[in-house]
Every structure is written in structure tokens, then in C-alpha cells.
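Student: From just these sequences and the hints, can you work out the full model?
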Amino acid sequence: MAKTTFAIGGVHPDDSKLARACAIEVLPLPSVVYVSMAQHLGAPAKPVVSVGDKVLTGQVIAEPGGFISAFVHSPASGTVKAIAPFKDLAGREVPHIIIDVEGDEWVEGVDLSDTLITELPDREVILDRVKACGVVGLGGATFPTHVKLNPAPGSKADCLILNGAECEPYLTSDYRIMLERTKEILVGAALMQKALGGCRTVIGIEENKPEAIAAMRSALASLPYSGIEILPLKKKYPQGGEKQIIQAVMHREVGSGALPISVGAVVQNVGTSLAVYEAVQKNKPLITNILTVTGNCLPVEKQHNYLFRIGMPLSYIAEYAGGIPKGAAKIVSGGPMMGRAISNMEAATVKGTSSILYLSEESTRRKLESNCIRCGRCAEACPMGLEPFLLRRLWKAGDMEALEANAVQDCIECGCCLYSCPACIPLLDHIRQAKGAVLGAIRARAAAAKAAAEANQKNS
Amino acid sequence: MNPIIIWTVVILAGLGLVLALVLFLVARRFRVEEDPRIDLVEKTLPGANCGGCGYAGCHAFADSAVKASDLSAHYCPVGGNDVMQKVSDILGFKMEAKAPQVAVVRCNGSCTARPVINEYDGAASCRVKAALYAGDTACPFGCLGCGDCVAACEFGALSMDPATGLPVVDEAKCVACGKCVAACPKSLIELRNKGPRGIRVFVACRNTDKGPVARKACSNACIGCGLCVKACAHDAITLENNLAYVDFTKCKLCRKCVAACPTGAVHGVNFPKEVNNG
Numbered sequence: 288m289a290k291t292t293f294a295i296g297g298v299h300p301d302d303s304k305l306a307r308a309c310a311i312e313v314l315p316l317p318s319v320v321y322v323s324m325a326q327h328l329g330a331p332a333k334p335v336v337s338v339g340d341k342v343l344t345g346q347v348i349a350e351p352g353g354f355i356s357a358f359v360h361s362p363a364s365g366t367v368k369a370i371a372p373f374k375d376l377a378g379r380e381v382p383h384i385i386i387d388v389e390g391d392e393w394v395e396g397v398d399l400s401d402t403l404i405t406e407l408p409d410r411e412v413i414l415d416r417v418k419a420c421g422v423v424g425l426g427g428a429t430f431p432t433h434v435k436l437n438p439a440p441g442s443k444a445d446c447l448i449l450n451g452a453e454c455e456p457y458l459t460s461d462y463r464i465m466l467e468r469t470k471e472i473l474v475g476a477a478l479m480q481k482a483l484g485g486c487r488t489v490i491g492i493e494e495n496k497p498e499a500i501a502a503m504r505s506a507l508a509s510l511p512y513s514g515i516e517i518l519p520l521k522k523k524y525p526q527g528g529e530k531q532i533i534q535a536v537m538h539r540e541v542g543s544g545a546l547p548i549s550v551g552a553v554v555q556n557v558g559t560s561l562a563v564y565e566a567v568q569k570n571k572p573l574i575t576n577i578l579t580v581t582g583n584c585l586p587v588e589k590q591h592n593y594l595f596r597i598g599m600p601l602s603y604i605a606e607y608a609g610g611i612p613k614g615a616a617k618i619v620s621g622g623p624m625m626g627r628a629i630s631n632m633e634a635a636t637v638k639g640t641s642s643i644l645y646l647s648e649e650s651t652r653r654k655l656e657s658n659c660i661r662c663g664r665c666a667e668a669c670p671m672g673l674e675p676f677l678l679r680r681l682w683k684a685g686d687m688e689a690l691e692a693n694a695v696q697d698c699i700e701c702g703c704c705l706y707s708c709p710a711c712i713p714l715l716d717h718i719r720q721a722k723g724a725v726l727g728a729i730r731a732r733a734a735a736a737k738a739a740a741e742a743n744q745k746n747s
Numbered sequence: 011m012n013p014i015i016i017w018t019v020v021i022l023a024g025l026g027l028v029l030a031l032v033l034f035l036v037a038r039r040f041r042v043e044e045d046p047r048i049d050l051v052e053k054t055l056p057g058a059n060c061g062g063c064g065y066a067g068c069h070a071f072a073d074s075a076v077k078a079s080d081l082s083a084h085y086c087p088v089g090g091n092d093v094m095q096k097v098s099d100i101l102g103f104k105m106e107a108k109a110p111q112v113a114v115v116r117c118n119g120s121c122t123a124r125p126v127i128n129e130y131d132g133a134a135s136c137r138v139k140a141a142l143y144a145g146d147t148a149c150p151f152g153c154l155g156c157g158d159c160v161a162a163c164e165f166g167a168l169s170m171d172p173a174t175g176l177p178v179v180d181e182a183k184c185v186a187c188g189k190c191v192a193a194c195p196k197s198l199i200e201l202r203n204k205g206p207r208g209i210r211v212f213v214a215c216r217n218t219d220k221g222p223v224a225r226k227a228c229s230n231a232c233i234g235c236g237l238c239v240k241a242c243a244h245d246a247i248t249l250e251n252n253l254a255y256v257d258f259t260k261c262k263l264c265r266k267c268v269a270a271c272p273t274g275a276v277h278g279v280n281f282p283k284e285v286n287n288g
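So the sequence lines, in the order shown, correspond to chains A and B. Sequential numbering from 288 applies to the first sequence in my numbering. Sequential numbering from 11 applies to the second sequence in my numbering.
No lab work stands behind these hints: they were computed from the structure. Just so you know, not all the hints are guaranteed correct.
To be verified - Here are the simulated lysine-lysine pairs, DSSO-like style, with alpha carbons at most 27 Å apart: (1) A:333 with B:96; (2) B:262 with A:374; (3) B:77 with A:374; (4) A:683 with B:220; (5) A:368 with B:226.
Claimed, not checked - Some chain B residues close to chain A (C-beta under 8 Å, calculated; not the full set): (6) 98; (7) 133; (8) 137; (9) 138; (10) 144.
All C-beta atoms, glycine included, are put in the ideal place defined by N, C-alpha and C.
Tutor: Below, the structure is given as C-alpha cells:
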């Protein structure tokens, strides 16, 4: 088996894919859904319904609030109860549309059958439907997909990479759809390939998922598409990082501050590919996704992979799955490396929710921090080639220029530095702050330069 | 006498003279003209270089003050009115006296009043904590308790009270430089007029949630009931977003609001006989 991976850094946490054998189950609808207006990267969506309106499943309830934004659709049929702030999983208030669920009556024009449609429509139709169905990247960043599939004039995609690495421990949602919705994912890949002008398409899957690789290979042989290949990748975290998988697959390096398209790459998650298939071929908006209920203090028979609707409260899902297990010290949404601890279980699922992860006291408790001994393990582990120990010191000293010169803005927040630090220093916590501050300064500079250029133009 | 010693002395003395001449000429040639008043002003300043005045240290303050046409934009919070009087005398300006200020912590969500609903075990920094989530209590506005303000204070005027989990200002040491104000990610610290003999009234809460929500999160929270506004005869209290605010320029320190507040969110401090210091 060919083995390829990204060149520098990375760590090898135990993959703990405990829920890998659990087939996807469909969650029933709760009595109330809470649909967030900030489910994607970019501007929050603007509600287009008002309190008291009757809505159907799949009906548009909010429209994009900017260029980088996405449509939001109703996950159930019922009555809009309120449009009000509601706390997200970090306890912060975000505008939500709250709908009293009365049933599951879909809007017209949605194909709810299981028939596989393999004929590909025109490029414009693909892009329109992806946008209209509110598809966003389901690999974690929830970047609006239609923006990514439509590169700026002058840039051309050489390679579409379908990200099936799922390098985060515990998560099995991508793995399950690669097994259960194999053909749909491949049709989705072909659709995106067509949207990008027929480039080479590579599906990168880590070698710890041999069943997914085999299933993908046999399904590909039965489909009439060309230019799609399956590439097994050597297991290493964070393989699923955009810049990392580009390096693993294409052996090209995306420059500091540059977008993947600058080296001719477009990366999409396999989950996004499935969403694109459903949007384009079935006209089905993105209101469902797969979520793994797992953890190291949950017996295997209580672990599940669920097909959920957006807006379901996490507490409802946890209750349905059998309640919060004894010994769970921390509940995380997302993987254990990059996920966020949930402080509010009443929060609702969003398009990008990927797991409810119960971790034991022993595995999550931070150890006592001690002094940096300059061992350099963090610098070895950093997949972006940064020096985390230095960045932390510069941040403490408040040297913004040096932080920018040392490329703190390139940090992908993968957590490898923190994972590898023998002194248990919360490196990432500080670096994330520094990154935010430096990115803010860069943006302010760009805005000032733009304003100055405009003023110049007016004067001349 | 040994000629070697004589020659050594002569050569060294000659070398010294020549180098002294060189240094003298260089100093003449490259002399930097500086207003002598800058030095005078700098010497009257406390020399803490805290930046509380908004300038990068005492020298920058002196330099800017000498060039300014009046002292409206210059005030040394550490030196206070005494130092500013001296600076004004040197520069020949009329002194504008300012009321002395002090840092005030506008949160009284103590451990008992504001129960912890989840446990935070991340980096011990309020900024990091605030960036991660709403906090370990149900009040997303309150003190996070990691002591960023204590670390920011260069005068040792702040400390964390282990009993309440809140920072305490030592009024004798606080110079109102404003570093803690900038350090708090929840904007809980405000510089307020110290008041006569340190007597002052303020609302020790920043929670803008609706009354029942705020009260559920913290029994000391301002619930926006407006009783203090009604009690105030001097129009000093405003109620906005379910939160009361006492304007210290209008407050006459009558303490009617302190008595009226049902949750003890309005604090009156340093009164000869404390009536209600929730």
C-alpha cells in the first residue's frame, strides 16, 4: 500500500475509533428545534421568517448576511415560536430561530427517494444548487462551499482533494458515511470536479480505515467517472488539516497567508461531498449531518453514530443515547484534539456538529504546568513549522512585530504543541490569543491601506 | 627616576588630553538641543513609567507636555494634582484640578452569590478563559477570577480575595493608572472619582440580562428593577439594558439607592457607618 503523509511535524495520538462498528441511526425529531443563525464561517444569516409563520421542512428560514455566508433551512415543519438569542455550546448568546415542531412535511421539489442519480447537470446548476441548499464545509471550519467551488478569476484548480482522513481520534462520522453512502460521496466528488472545470480528483483516506478504502475502490469501479482516484494516507495527526492534506497528496506547500487555490488545490470533506450530492441531485438542503456519540467512559454498546437534524438540543441527543455516563468529566463537541468543551448542554446542533464526546477525568485533566526546558518537542510536532515555545514567550512579552515575523498567524490550532509538551504548558491557549491579535492587526492594516488608496483615487 | 615610568605617564597623559579634546569637539558638533524644561518636568514626575497618562513613560509625557499649548490632554494620575501643579508652574500654564480617581470593581458575584456551574481547567488567564467560553458561572458578564488585573497592576494595589474570588482594590496604593481597566476582558473595572474621604456609590454589576435570568445566575446581580432610579433625587442613575449606572459627577452620596436596592448591587463604600454593603 502506497504510504504518503505531510512532511513536517504531527503527532500520533491513539485513534480510539470506538464507534466505528456502529451503523448510522436516524434520530427522531424533538418537540422544539433551535436553529442558529451562525452555523457557518462568515457573516451570520438574516432571518426571513417571522414569529407565528408556518414553515415546512427544508424551507429557507434565513438568507446569507454577506458574501461569505450561507442560507439556513428549517429542519422540521412547524410554527416559528420565537426569533431570539439562545446560548450556544460555549454559553454565548447567538440569534436563533426557535420552531415548535409539528411534523416532518417537506417543501415541494425535494427528492426524498434513495435512488442514485449519476448524470451530472451543468456547472451553473451545480453551483446554484450548492448555494441555494446552504452547503458549508463539514470538515470543521464550516466555510461556505459555493465560495470554495468558484475560485476567483485567474486562479485554476489542478486538483480537488476529498478529505477522508478523519485524523481526529474518536470521530467516526466520516468513516460511517464512506461505508454507507459510498456511491453518493463519489457522485458528489464528480459534481465538484465538474464545477471546478474537470480537474484531477483524489480521495485521501488514512490507512486505519481499510474498509472505507476498499468500499470506495469497489464503488468507484462501478461508476462511470474518470479522473478520480483513492489514495491511502499514512496515519498521522493533523492529516485532515487543509494545508497538510495538500502536502500529503500533491507534495505542494501552501505559502504563509495564502489560500490552497494558490497552489491549484481545493479541499473538501467527504461529508461535504455527500451534502453536495444531496443538494444537487436531490435538491435537498443541508439540514442533516452525522454525529458520533462516543468517549472513553462510555461502554461500546452505548456508542452511536446518528443522523441528526440541525437545531436539536445536545441534551436531547444525549438523553436519547442513554444519558450522560457516570465518570464523564468533560463533554466535548468535535474531536479531542481540536474540539471545544461543551459548557451548555442545552445548546443546539449546527451544520458542523460532529460529536458528543464523553471523556474521563483521567484523560482530560490538565497536569500541573512547569517551566519550559527548551526541549523543542513542540517545534518538532508543529505541522506548520512554527516554534510554539518562542511564540508563547513573544506573546507574554507583547512583541507583536516579532510574532508576525514568526508567522503566528499561520497556526492552525491543531494542538500538537500542547499534546507534545512534557512541561504541560498550555501553549495553544496563548498562541491562539496571539494569533487573534496579529490577525486583527493585519486586517486593520489592510483596511487602512484600502481606505488610503480610495482617498488617493478620489483626490487624483 | 626610571625613564620607562616617566614615558608611560607622559604618553598616557598626552593620550588622555587628545581623547578629551576629541570628545569635547564631538559633543559640541553633535549637540542635541533639548528644551531644558523637559528635564525639569520629568524630574517632578513620579518616574513610575506606568503609562497611566497615555504616554510611553514619564519622559514622553514631559516631552509632549512642553510642546503642548495647554495641559488639557496631560494628566499624571500617579502624581495627582500636586505634581500637575508643579508641572503647570514650570510651563506657565493654568492648572486644571482633577478629582482623584480610583479603580472600582463592578462585580460582586462572590462564590456564594454566584454558583459555579462548570469547572474551568485551562490556562490561568482571564483573557484565555474569556476567549474560550462564557465562563464557569451562569453569569456571562461577571468576574472570571483568574487575576489578569492583579498581574497588570504595577503598584501592588490589586489582590484576589480567596473568600469571594473577586479582586480587591487597595485604595491607598491605587493610582488610577488604568492598566487593570485595559487588562479585564469583561470590562468590569472602571476609574471613578474617589469622592470626599473616599466615600462613593456605584453599581457593582455589569449584567445586562433580564431580571429573572440575572438573579438566577447571581443573587447579587443588578436586575434592572429601577428602584434606585426612582429613589434618586439627583437624576444621577440611569437604567439601560436592564442595568443601572450611577453617574459619579451627579451623585450626592445620599445612599437612598443603596437602601432601595433589593439585591445589594448598589454599593456605598467608606461611609462613616456602613448601612448596606451587600
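Student: Each hint needs a verdict: does it hold in this structure or not?
Tutor: Outcome of the hint check:
Annotation: proposed proximity of residue 333 of chain A to residue 96 of chain B is violated, straight-line Cα distance about 58 Å (limit 27 Å). Note on residue 262 of chain B and residue 374 of chain A: the hinted pairing is violated, with a Cα-Cα distance of about 40 Å set against a maximum of 27 Å. The straight-line distance between the Cα atoms of residue 77 of chain B and residue 374 of chain A is roughly 52 Å, outside the 27 Å bound, and the hint therefore fails. The suggested pairing of residue 683 of chain A with residue 220 of chain B is violated, with an alpha-carbon distance near 38 Å, which exceeds 27 Å.
Annotation: proposed proximity of residue 368 of chain A to residue 226 of chain B holds, straight-line Cα distance about 24 Å (limit 27 Å). Violation of the interface hint for residue 98 of chain B is found here, the shortest Cβ-Cβ separation to chain A being roughly 33 Å, above the 8 Å cut-off. Given hint, residue 133 of chain B at the interface with chain A, holds; its Cβ is 4 Å from that chain's nearest Cβ, closer than 8 Å. Given the 8 Å rule on beta carbons, the hint for residue 137 of chain B holds: about 6 Å separates it from the nearest Cβ of chain A.
Restraint check, residue 138 of chain B versus chain A: the minimum CB separation of about 4 Å is within 8 Å; hint holds. For residue 144 of chain B, the interface hint holds, since its Cβ comes within 8 Å of a Cβ in chain A; the closest pair sits about 3 Å apart.
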